[in-house]
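S.K.: Below, each chain spelled out in residue letters.
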Amino acid sequence: MKASATFLLFFCHLLVVSLANSGMKRQYHPCRHLVFYFHDVVYNGQNDANATSAIVGAPQWGNLTILADKFHFGNVVVFDDPITLDNNFHSVPVGRAQGMYLYDTKYTWTAWLGFSFVFNSTQHKGTINFIGVDPLLVKTKDILVVGGTGDFFMHRGIATINTDSFEGEVYFRLRVDIKFYECW
Amino acid sequence: MKASATFLLFFCHLLVVSLANSGMKRQYHPCRHLVFYFHDVVYNGQNDANATSAIVGAPQWGNLTILADKFHFGNVVVFDDPITLDNNFHSVPVGRAQGMYLYDTKYTWTAWLGFSFVFNSTQHKGTINFIGVDPLLVKTKDILVVGGTGDFFMHRGIATINTDSFEGEVYFRLRVDIKFYECW
Amino acid sequence: MKASATFLLFFCHLLVVSLANSGMKRQYHPCRHLVFYFHDVVYNGQNDANATSAIVGAPQWGNLTILADKFHFGNVVVFDDPITLDNNFHSVPVGRAQGMYLYDTKYTWTAWLGFSFVFNSTQHKGTINFIGVDPLLVKTKDILVVGGTGDFFMHRGIATINTDSFEGEVYFRLRVDIKFYECW
Chain E
1 MKASATFLLF FCHLLVVSLA NSGMKRQYHP CRHLVFYFHD VVYNGQNDAN
51 ATSAIVGAPQ WGNLTILADK FHFGNVVVFD DPITLDNNFH SVPVGRAQGM
101 YLYDTKYTWT AWLGFSFVFN STQHKGTINF IGVDPLLVKT KDILVVGGTG
151 DFFMHRGIAT INTDSFEGEV YFRLRVDIKF YECW
Chain R
1 MKASATFLLF FCHLLVVSLA NSGMKRQYHP CRHLVFYFHD VVYNGQNDAN
51 ATSAIVGAPQ WGNLTILADK FHFGNVVVFD DPITLDNNFH SVPVGRAQGM
101 YLYDTKYTWT AWLGFSFVFN STQHKGTINF IGVDPLLVKT KDILVVGGTG
151 DFFMHRGIAT INTDSFEGEV YFRLRVDIKF YECW
Chain U
1 MKASATFLLF FCHLLVVSLA NSGMKRQYHP CRHLVFYFHD VVYNGQNDAN
51 ATSAIVGAPQ WGNLTILADK FHFGNVVVFD DPITLDNNFH SVPVGRAQGM
101 YLYDTKYTWT AWLGFSFVFN STQHKGTINF IGVDPLLVKT KDILVVGGTG
151 DFFMHRGIAT INTDSFEGEV YFRLRVDIKF YECW
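Protein chains in written order, with the UniProt record's numbering: chain E, 1 to 184; chain R, 1 to 184; chain U, 1 to 184.
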């Protein structure tokens, strides 16, 4: 009988300790993982039909149809870009990437991002919301997933982004690899 | 005795399992719930005394006193709006809603929001900070409560917003139903 | 035997209760604590070599080289400021503070902040991302640390900021006392 009680104690202890560990040291592998692409076409004064974004803020030395000198420092761009599942601009969009970015360095290419993914399809409903820094010359970089709504209720995580393609200063395509570490 | 040990094992198991569940599957009913209204009066060049917000960014086809064509795409608005407990613009404000929104779609009414509620009264002290997307034609929609300070230290949650009333393109009133799911 | 079973039950209960408490009531002392300074030099049309920020949005009554009347209401400023470990502008920077602030009150000095600290040194690698309200006349105030990447992966917390020094409307220095309450 003593042996069985000791075993029981050990068993409980094991359960409790493993649970405690799972609580204190959270999981570092994503609880959910999604990959998307989005496509940005900056308005340049002549591409109104195709443009998905527009310069809406500029420093004193800039204007609203050409990204400014000095690495575009001070340009604020508002966008509503199609999200696709693959890297093809002509694929059927599964959602929209909406928000803004601003170029914020005078000596290199860096952007500060604040935007949301908006989904309203049979596959995904809700929003995923991002904030972070994009040093454009670095191949892959991490930004924050500050939270979500709908299917992504209260989720938090990290998005690894990279500029998958670009053409001049009018088109670029971003690959967004979303890893949620807090799922609800 | 064997029966009592079995019962004990079952009892421990029950405790541990229910705890594990409470840890893995967090609560989905709010730990705190608040409702506010805020009132936005956009500056139009003539209402300086009453205006609580101003257009500060516009696309090339816009200006700073009239919201732009194409669903106001590209307009950036900075605001400092009174918060009230009911839907009456003339009620005594209990705080201020401060930040910005930007219209970010060319084909429908959509805004991206980044703002904070600032309280400094006997009832509430601190800030609640929001980010998210507002598709204006959808009756109710969810945005993020990314965090708080003071009385709302480290809180996270969801705010359900709806445009409770509006007059032309100068006045609108937003109802904000805040549900915190992480309280500290 | 009954006594040992009772003791075992008590022991399990104790473990479970203490664990439950540690889960429900999170720690309120920081799990990590860092202090930095950053230095902002606003472009005024003449200080291009030194300026670390620029006005990129203004209300109808403003312009892009002088902060506007009415407590700068409506000015949007984009910045890329050096971060130092002490309050000396000439110290070797340990990172960059990048993002934007906007003045959002007509009757007093208040700014809304959205920015990131970017580190890429032997000491720190990664980003810390901030959002919040800065009532400039209040000595110290709290803003949110909404999350981090790299060394600050998924961290959340509060940053207490104060304007450590300023010169006219061109230079100011912010002290940022970062307390993380969620570390990973």
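These are calculated hints, taken from the structure and not from any lab test. By construction, the Cβ of each residue, glycine as well, lies at the ideal position given by its N, Cα and C atoms. Hints are supplied without guarantee of correctness; some may be wrong.
[What the hints assert, rightly or not] Distance condition first, Cα-Cα at most 35 Å in a straight line; then the derived DSBU-like pairs of lysine-lysine:
hint, chain 1, residue 1, chain 2, residue 2
1, U, 139, R, 106
2, R, 70, E, 106
3, U, 70, R, 106
[To be verified] Taking beta-carbon pairs under 10 Å as the criterion, some of the chain U residues facing chain E (in silico):
hint, residue
4, 48
5, 53
6, 54
7, 60
8, 65
9, 76
10, 88
11, 91
12, 94
S.K.: State for each hint whether it applies.
M.R.: Structure-based check of all given hints:
{"no.": "1", "hint": "U/139 / R/106", "result": "violated, 42 Å"}
{"no.": "2", "hint": "R/70 / E/106", "result": "holds, 32 Å"}
{"no.": "3", "hint": "U/70 / R/106", "result": "holds, 32 Å"}
{"no.": "4", "hint": "48", "result": "holds, 9 Å"}
{"no.": "5", "hint": "53", "result": "holds, 9 Å"}
{"no.": "6", "hint": "54", "result": "holds, 4 Å"}
{"no.": "7", "hint": "60", "result": "violated, 15 Å"}
{"no.": "8", "hint": "65", "result": "holds, 5 Å"}
{"no.": "9", "hint": "76", "result": "holds, 6 Å"}
{"no.": "10", "hint": "88", "result": "violated, 21 Å"}
{"no.": "11", "hint": "91", "result": "violated, 19 Å"}
{"no.": "12", "hint": "94", "result": "violated, 16 Å"}
Of the numbered hints listed earlier, those contradicted by the structure are 1, 7, 10, 11 and 12.
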